[in-house]
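In my numbering, the protein residues as written are 1 to 936.
Everything labelled a hint here was simulated from the structure, so no lab data went into it.
Treat the hints with care, since some could be wrong.
[Said to hold, decoys possible] Capping the alpha-carbon separation at 25 Å, the derived lysine-lysine pairs in DSS-like fashion look like this:
1) K449 with K522
2) K20 with K48
3) K425 with K669
4) K149 with K628
5) K684 with K669
6) K558 with K20
7) K148 with K522
8) K113 with K149
9) K13 with K632
10) K632 with K449
11) K669 with K628
12) K617 with K425
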Amino acid sequence: MSDAPAPKKRKWKDTLHLPKTDFAMRAGLATNEPTSVARWADINLAEKLREARSAAEPFVFHDGPPFANGNLHLGHLLNKVLKDFVVRSRLMQGHQVTFVPGWDCHGLPIEHKVMTNLVEAGRGEALAAMGEDERRLLVRKECQAFAKKFVEIQSGQMARLLTHAEYDAPYLTMDPSYEKVVLEGFADLVDQGLVTRRHKPVHWSIANETALAEAELEYQDREDLSVYVDFVACDADAVAAAFQCELEQKPSFTIWTTTPWTLPANLAIAVHERFRYALCQMDGNLAILASDLAAKVAEKAGVSCEILAECDGSALAGLTYEHPFCDRQGRVVTADYVTLEDGTGLVHTAPGHGAEDYQTGLREGLDAYCPVLGDGTYDDTVPQWLVGMSIWDANEKVTEHLREQGHLLHAERFMHSYPHDWRSKTPVIFRATEQWFVGVDEPTKRDEKSLRQLALDSIDGIQFFPEWGRNRFRGMLESRPDWCLSRQRAWGLPIPAFRDANGAVLMTVASVRAVSAVFGEKGSDAWFACTPEELLAGWDASSDPEAPADLDVATLEKTYDIFDVWMESGSSWNAVMRARGIGYPIDLYLEGSDQHRGWFQLSLLPALGVTGVAPYKAILTHGFMVDKDGRKMSKSGGNALDVDELLQQYGADVCRWWVASLPFENDIKVDLSFFDVAGESYRKIRNTIRFLIGNLHGMTSAEASAVGDPPSTSIDAWLLGETAMLRERVEAAWSEYAFRRAHQLLYDFCNDTVSAVHAVAVKDRLYCDAADSPRRQATRATMRRVVDVLLRLLAPMLPHTTDEAWRALEGEDACLAMETMPGPFSVEVHSEWSKVMDLRNDVLTALEQAKERGVENAMDAGVILPDPDGSLAPFADELADLFGVSRCALSADGSIEIQDLREEPLCDRSRKRDGTVREREEGVFLSDRDAAAVGL
1 MSDAPAPKKR KWKDTLHLPK TDFAMRAGLA TNEPTSVARW ADINLAEKLR EARSAAEPFV
61 FHDGPPFANG NLHLGHLLNK VLKDFVVRSR LMQGHQVTFV PGWDCHGLPI EHKVMTNLVE
121 AGRGEALAAM GEDERRLLVR KECQAFAKKF VEIQSGQMAR LLTHAEYDAP YLTMDPSYEK
181 VVLEGFADLV DQGLVTRRHK PVHWSIANET ALAEAELEYQ DREDLSVYVD FVACDADAVA
241 AAFQCELEQK PSFTIWTTTP WTLPANLAIA VHERFRYALC QMDGNLAILA SDLAAKVAEK
301 AGVSCEILAE CDGSALAGLT YEHPFCDRQG RVVTADYVTL EDGTGLVHTA PGHGAEDYQT
361 GLREGLDAYC PVLGDGTYDD TVPQWLVGMS IWDANEKVTE HLREQGHLLH AERFMHSYPH
421 DWRSKTPVIF RATEQWFVGV DEPTKRDEKS LRQLALDSID GIQFFPEWGR NRFRGMLESR
481 PDWCLSRQRA WGLPIPAFRD ANGAVLMTVA SVRAVSAVFG EKGSDAWFAC TPEELLAGWD
541 ASSDPEAPAD LDVATLEKTY DIFDVWMESG SSWNAVMRAR GIGYPIDLYL EGSDQHRGWF
601 QLSLLPALGV TGVAPYKAIL THGFMVDKDG RKMSKSGGNA LDVDELLQQY GADVCRWWVA
661 SLPFENDIKV DLSFFDVAGE SYRKIRNTIR FLIGNLHGMT SAEASAVGDP PSTSIDAWLL
721 GETAMLRERV EAAWSEYAFR RAHQLLYDFC NDTVSAVHAV AVKDRLYCDA ADSPRRQATR
781 ATMRRVVDVL LRLLAPMLPH TTDEAWRALE GEDACLAMET MPGPFSVEVH SEWSKVMDLR
841 NDVLTALEQA KERGVENAMD AGVILPDPDG SLAPFADELA DLFGVSRCAL SADGSIEIQD
901 LREEPLCDRS RKRDGTVRER EEGVFLSDRD AAAVGL
C-alpha cells in the first residue's frame, strides 16, 4: 500500500460560470411592492409617460366610477386589474393612454351611512329641528367628508394593486367643475325636448323613500300571496247581451293578482279583445274568466265548473263592475298584454301601481290613482280599516276582508322573482308620483329620432367583448322604460327646477345653464345656500322665450329633487373625456356585465341626446365573483375574501397573475386555494426570469446585438423564433382583450419553451464553456434578447416583478413602464426545427425506457439517430445538448438507439461522458472542452 498522499480534490464549482443576479429567488412581494409604488410616485411616472407619449397615437380608455363608500372588495380587484391590463398593454405598444380614475361620490349608499352615523351620535333630534336648507347642507357636508375619506382610501388601495392611473388628478362627481358639465349636458337634453315632469308609476324604495331607476334594482326570490277575486258586475242585462244569454243573477269578473295590497287602487279590469271568455257556473256563483283557463282555476279553487256561454273579449269592453270594498265602480277595458299563461285572463288594473296599467289608464282616461304614501302606508282615501296600514301587512288584511265578504275565490302562497332596492335589499313597489323623466320614445329635435331608436341604431357600430353582450344590450334597450331622473334625497346634484306662485314648475334651457354656471363656481351646495334670485342671477327671464310672461324671479321657490346618480356617472364621457380634451368617442368601456343595464346604457342615452353619437366604440364586460360552490360572496355570508389580506399573504403580482388566468367573461368561482395555485405558477415565471438574467452577468442589449444572429440550426435561433411568435400572439391577445390567452402563452413559454427545452439544452455551455467562447456568448446574447421581450410582454400583468427584473438588467434608475416593444426579430430559423423537436420527444421516451436497463441518468447515455436523408446533419452540434445526453451520433439507417456509457470515463467538471474524457493530471478526469476551459 502506497504512503503517497491522495491527490487534492478540486472544487470544480468555483470554475463554473453559475448564474449571478440581484434578482432574488424569493419575491417578498408584500414588502417590496409598496417600495415600487413609492418609487413610481417619486419619479413622477405618470407625468413622465404623459410627456414621453404626447405625440403618440392615443388609446382612449375611460374608468367607470365606483362608489366612494367602503374598502375595495374582490370585485373591485378584478375590475381594476383588468383595466390595468388594458392600460399597460397599450402603453407597452407605444400608445398615449391617459387613464383618469373616478369616483361616484353622491347617492343613497353614502347618505344612508352618514344618516346612521348622525343618529347614532345623538344628532337626530337636532337635525329634525332644522330648516329644510340648513338640514340638507349639514347632511351634505357630512356626506362630502365621508366620500372624500373613501376616495383617499380606495385610491391608495388601487395603487397598491399596482395599477397605473392619474391618481393625482382623479374625477369626482361631487366636484363643482364636474357638476357644471352635468347640468350643461342636461340643458342640452331639455333643449332636445327629452325632459318632462309627469305623474306616473315608478319603482319606489319604501325603505329609503325615493324613486329608483331600473339600474338600481336587483331581483331576489320572494314568497308572496296571490288571490283570485270576484268583482260583481253592475248590470246583469249588459253581461247577458255580451254572452247572448239570459241571466237571473249578477255574474262576477274573476281576476288574479299577486299584489293584494294594490286592490284599493283598482280602476279597471283588462281583457284581451281576441281571447274567448266563458260565463261559468261555479258552485252556485256565476264567474267570467278566459275559456282556456276556466278548468285550471276551478281545480285550484276546488270547485266545480260548467261553461254556460262564451264570447270574445271585445264584447266585454265597456261593462262595469262594483269594487269589492271601495265605494266606486270600474270598467272593463282591452289590453294586448293580457295572456293565457297564468291567472284568469282578466287583469286587475291599477294605473297608479304598474307601468302597463298606467299606459292603459292614459288610453282610457283613468287617473294614476295611488293611495300609498312614501313610507309604504295607505293615505286617507282608502277605507278606514286600511288607513295608515303598511301595504305588506295589508296583503293578509285585504285577503281576509275579501274572504269575509264573499269575494275571494281562492288564495295561495307562491315563490317568484321580485325587484329589490339594490342598497337596502328590501322589496320595492310601483308607486305613482311626480317625477322628472328622460323620455326614450320622444323624438329629438335634432333628427326626429327617439333616444331608443338612436340607441338601437348605434349598436351595430359598437364592438362587444364578449360578442353575446350585443344581443343582451339590445334586448335591454328595446324593453327599457323612460328614465326616471329624480330622487327624493339630500346628497346629490339638485335638479334646477323652481315653482312659481301658482305652483307651476319652471325649468328652461337658459335657466338650467344659469344655475350650471353658479354650480361651477360655488358647487351644488349653492342650491341650498342661495336664493332663487342668486341662483338665476345670470338668467334674463324677459329674453327667454320659454319663460312665462312677466315672471317675477323673487316669487320663485326651489324644488328639492336631486338627480339619479346614474345621470352623473353617465355624463362622465362629457365631464371628463371631452372636458379634459382626452378624446371622444372613447375606445373602450370596461365594467361588470350588470352595467349593460347601468352605466353602459345610461352613458349611451345622454350622449346620443347631446351629441347624436355613441360615447364608446367598444364595450368589454366581466362576470361576478362567487365562491367555489357558486354562491354570491359577502361578508354576511362568511365566504368573502379580504383584498388587503390577499395582498399581504400573496402580493399584488400573484393576485394579478390569478386575474390574468381567469375566463372573466362569465361569473368566476373563487377560493383561497386558487391563489396558492397562482402563487406556484408565478414562481415558475419568476424562476425563468431569474435564470435568464442570472446567466447574462451584466451583458447589455448593445453587447448582445453586437454578437449577431445565431446560425439557423442552433437552439438559440429556435428560441428567438419562438420568442418572435410569442410576441406576435401575445400582442394579438392584448388587442382582443384575451388576457387569459396571453397568460397561457406566457406561462407555456416560460415553463416549457425556456425552462424545459432551451435552458436544459444550454446550461452546459453556459456553465462549462470558456467564458468567452463564441457558443456561450451567442447563447447569452440570445437570452438577453429574449428576456428583453419577455419582460415587456409580462409587464402588463406583473408590473412590480418585471420592473424589479428590469432594474437588475439596466440599473437601479431604469423603469420598464417607460419602455415600449422593441422592433421585431428578423432571425432566420431552419425549417426543419419542428422535425427536430418531434424527434426530441421520441428520444426522451426512449431514455425513459432505458431506465429499465439501469441507465437512470441521461448523462450516462448516448444516442444514435437514424438520418437516412441527412436532414439532421446540420443540427448535429446541438442534438446531444437538446436531448440532455452526453453525446449523439447519426447513422444512415436503423432506429433510435440509446447507448449505455456508464463504463466510460466521467468528466469531473461537467459530469458528461462525451468520448473525450481522460485523466489530465493525477485523479483529474476532464473532457477536452473542460480541460481547455480551466487551462489543463
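task = List in ascending order the numbers of the hints, as given earlier, that are violated by the structure.
result = The structure breaks hints 1, 2, 4, 6, 9, 10, 12; every other hint is satisfied.
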